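Peer 1: Fit chain B to the given chain A structure using the hints.
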Amino acid sequence: MDSLALTIKELTKTYSNGFKALHGINLEIPHGDFFALLGPNGAGKSTTIGIITSLIKKTSGEIKIYDIDIDKDFVTAKTHIGLVPQEVNFNTFEPIHEIIVNQAGYYGVPRNIAIPEAEQLLKKLGLWEKRKQFSRKLSGGMQRRLMVARALIHKPKLLILDEPTAGADVEVRRLMWDYLKFLNENGTTIILTTHYLEEAENLCKNIAIIDDGKILENSSMKDFLSQLKNEKFILYTENKISKEFTLKGHRFSVIDDNTIEVSLSTESDINSLINELSNKGIKVKSLKNKTSRLEELFMRLVVKNDK
Amino acid sequence: MTSNLKIQIVAYNTIVRKEVLRFSRIWKQTLIPPVITNILYFIIFGNLIGERIGEIESFRYTDFIFPGLLLMSVITHSYTNTVSSLYISKYHRYIEELLVSPIENYTILAGYITGGVIRGISVGIVVIIAAQLFITFTVSNIMLMLLVILLSSTLFSMCGFLNGLFANDWDDINVIPTFIMTPLTYLGGIFFSISMLPGIWKDIALINPILYLINALRYSMLGITDVSIVFAFFIILIFNLIMVSLCLYFLNIGQGLRS
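Protein sequence lines correspond, in order, to chains A and B. Residues in the first sequence are numbered from 1 upward in steps of one, following the numbering used here. Residues in the second sequence are numbered from 1001 upward in steps of one, following the numbering used here.
By construction, these hints were calculated from the structure, which means they are not laboratory data. From a predicted model like this one, the values you see are computed outputs, not experimental measurements. Honestly, I wouldn't trust all of these hints.
As the list claims (entries may be wrong) - In silico lysine-lysine, DSSO-like type, Cα no more than 27 angstroms apart, as pairs:
| id | chain 1 | residue 1 | chain 2 | residue 2 |
| --- | --- | --- | --- | --- |
| 1 | A | K57 | B | K1090 |
| 2 | A | K290 | A | K280 |
| 3 | B | K1006 | A | K130 |
| 4 | A | K155 | B | K1090 |
Just chain A, with the same shape it has in the complex:
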C-alpha cells in the first residue's frame, strides 16, 4: 500500500519556558514501515511523539495520520494510533485485565467485544495467568509487555514505541523484537525510538536522526549504513600475536595476545583478510563488529552537529 501512515510538516514546538524543542521538522512515514526515530537525550524525539499523540501541544505545523489532519478530525486520527510510552503509567491499583478492557473502552470498543480481545492479547503476550493481579505486582518485563498489550487492544494501524525496551533484560528485549517483527509483517506500521542502536539496525527499514530539534538524516536504513566507509572488527585468534605484528595494506592494533582490532574498508572482503592472516599462520577463531555500524554513523552525525 502506498499511503502514508504519518506526515509531519514544518512542526515546531517552543515550551512555555522559551526552550525551542523542534525547529520545523518534516517526516513522511509510509504505511507498513518499521521506522526508527533516533537521537540523543533531549533531541526532540519524545516531544515529536508527544505531539503526534496529543500529549504535547504543537506551536505550529501540520500532522496527518493516514491523511487525516489531527487538527481537523482528531477522533478518527487517534483511533489509528497506539502508544507505548517511555515510562510505566498504569493505575497501579487496577487489575491488569481491567487496564486493557478500559483502554479499549476509551477507544469506543464496548466491553463485550473488548473482553475476548483482551484475553487473546494477554495470552499472546504471556500475561493471561496474571490478569487478576494489580499491575504494580508485575516484573519490569511484564509491565513492558502490558504496555504493548494496552497499546494494541484497539488494533491501531500505527504503533508508536518510545524506548520500549529501556531497562529490559536481554530475554524481554528479544521477545519484544520478535513480537514487533510479527506485528510489522502483519501490516502494522511501527515507529520506534530507542537508545539501543543495534535494536534499530536489526528491526527498522527506514530511519531519521534528530538532534537539537532538527532532522539530520532521513533515509532508508540500507542507504544510511552504506555511508560507512570503514568498519572496525575485533578478531579473536588461536595463536598468540606479537605487539609488532603488521600486515601490508591493513591497519591493526593488538589488544592482547589473542585479540586484534582491524579497520576495513566497506569495499574490502573480510574473507581475503582472514586468508591473508591464515597464510601468515594465524587462525581466526571468531570475529565481531567493534561497534554497530549504525552506532558508528550515529555518533559521527551527532558529534558533527554538536560542533
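Peer 2: Chain B in isolation, oriented as in the chain A frame:
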C-alpha cells in the same frame, strides 16, 4: 448514531464504571467515615446541645440541622472524588490513557463529574440511613430534594475537577476544601437560621453561595427557608454554568494535562 458519538458513549461509560469501581473498592475510606462523622454530629449537636437550644421554626434542632449535614456530606464527597481521582491519575500519569485516546474533552469532564455525583449520592444514601436513628426524616418535595442534591453534587464535582487540573502536589488538593469549602459550609447555615444572625452578619451570610444550597435542600425537606427558593435555584444554576464553562475552557487549553 455517528461513529464519534458511539465512541464517546462507550468512553463515557468506561470512565464512569472505572470511577465507581475506584471508590467502591475503598468503601471503608469513602462510605464509612461520613456515617461516623454524621452520627457524632447528631449525638453532640443534635442531642446534647440541641436539647438546650430547643426548636427552630417548630422543628427539633436535630431535624433542622439534618438537611445541612446531608448536603455537606454530599458536596464534600463529590468534590473529594473528582479532585483525588484526577490528581492521582496525573501523579501516576495514567491520565495519559485518556489523553492519547479519541475522547472529547466534554466526555472526560462528564465521566469524572458523573463519578463524583454517584459518590456524593451514595454517601447521601448511607447518611440518610444512619440518620434514621436520630431524626424524624421528613421530605416535603422529593423531586425538589433530588434535584438540589443532583445540582449541588454536580457543582462540587466540577469544583473538584478544576482543582485537580490546577493541582501540582498533594497539598494543592487540600487547600480549597480546608480553607474555602469547610468555612463556607459551616457558615452557610447548617447549624443556624440566618434570621438568628445580627445585622451585618446576616448580609455577609447572604453572599455565601453554600447558604443557597443548604436552604434549597432544607426547603425541599422541611418546607422552610431563609432565602427565596427561586433565587436559590438561580444561584445554583448560574454557578453550575460558570463551573462547566471554566472546566471545559481549561480542559481545552490543556491546563495541567498537556504541556
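Peer 1: Hint by hint, say whether it matches the structure.
Peer 2: Hints versus structure:
1. A hinted pair counts as satisfied when its Cα atoms are at most 27 angstroms apart, and K57 (chain A) with K1090 (chain B) qualifies at roughly 17 angstroms.
2. The straight-line distance between the Cα atoms of K290 (chain A) and K280 (chain A) is roughly 23 angstroms, inside the 27 angstroms bound, and the hint therefore holds.
3. For the hint linking K1006 (chain B) to K130 (chain A), the alpha-carbon distance of about 31 angstroms lies beyond 27 angstroms, and the restraint is violated.
4. This hinted pair checks out: K155 (chain A) and K1090 (chain B) have alpha carbons roughly 26 angstroms apart, not beyond 27 angstroms.
In terms of the numbered hints stated before, the structure departs from hint 3 and from no other.
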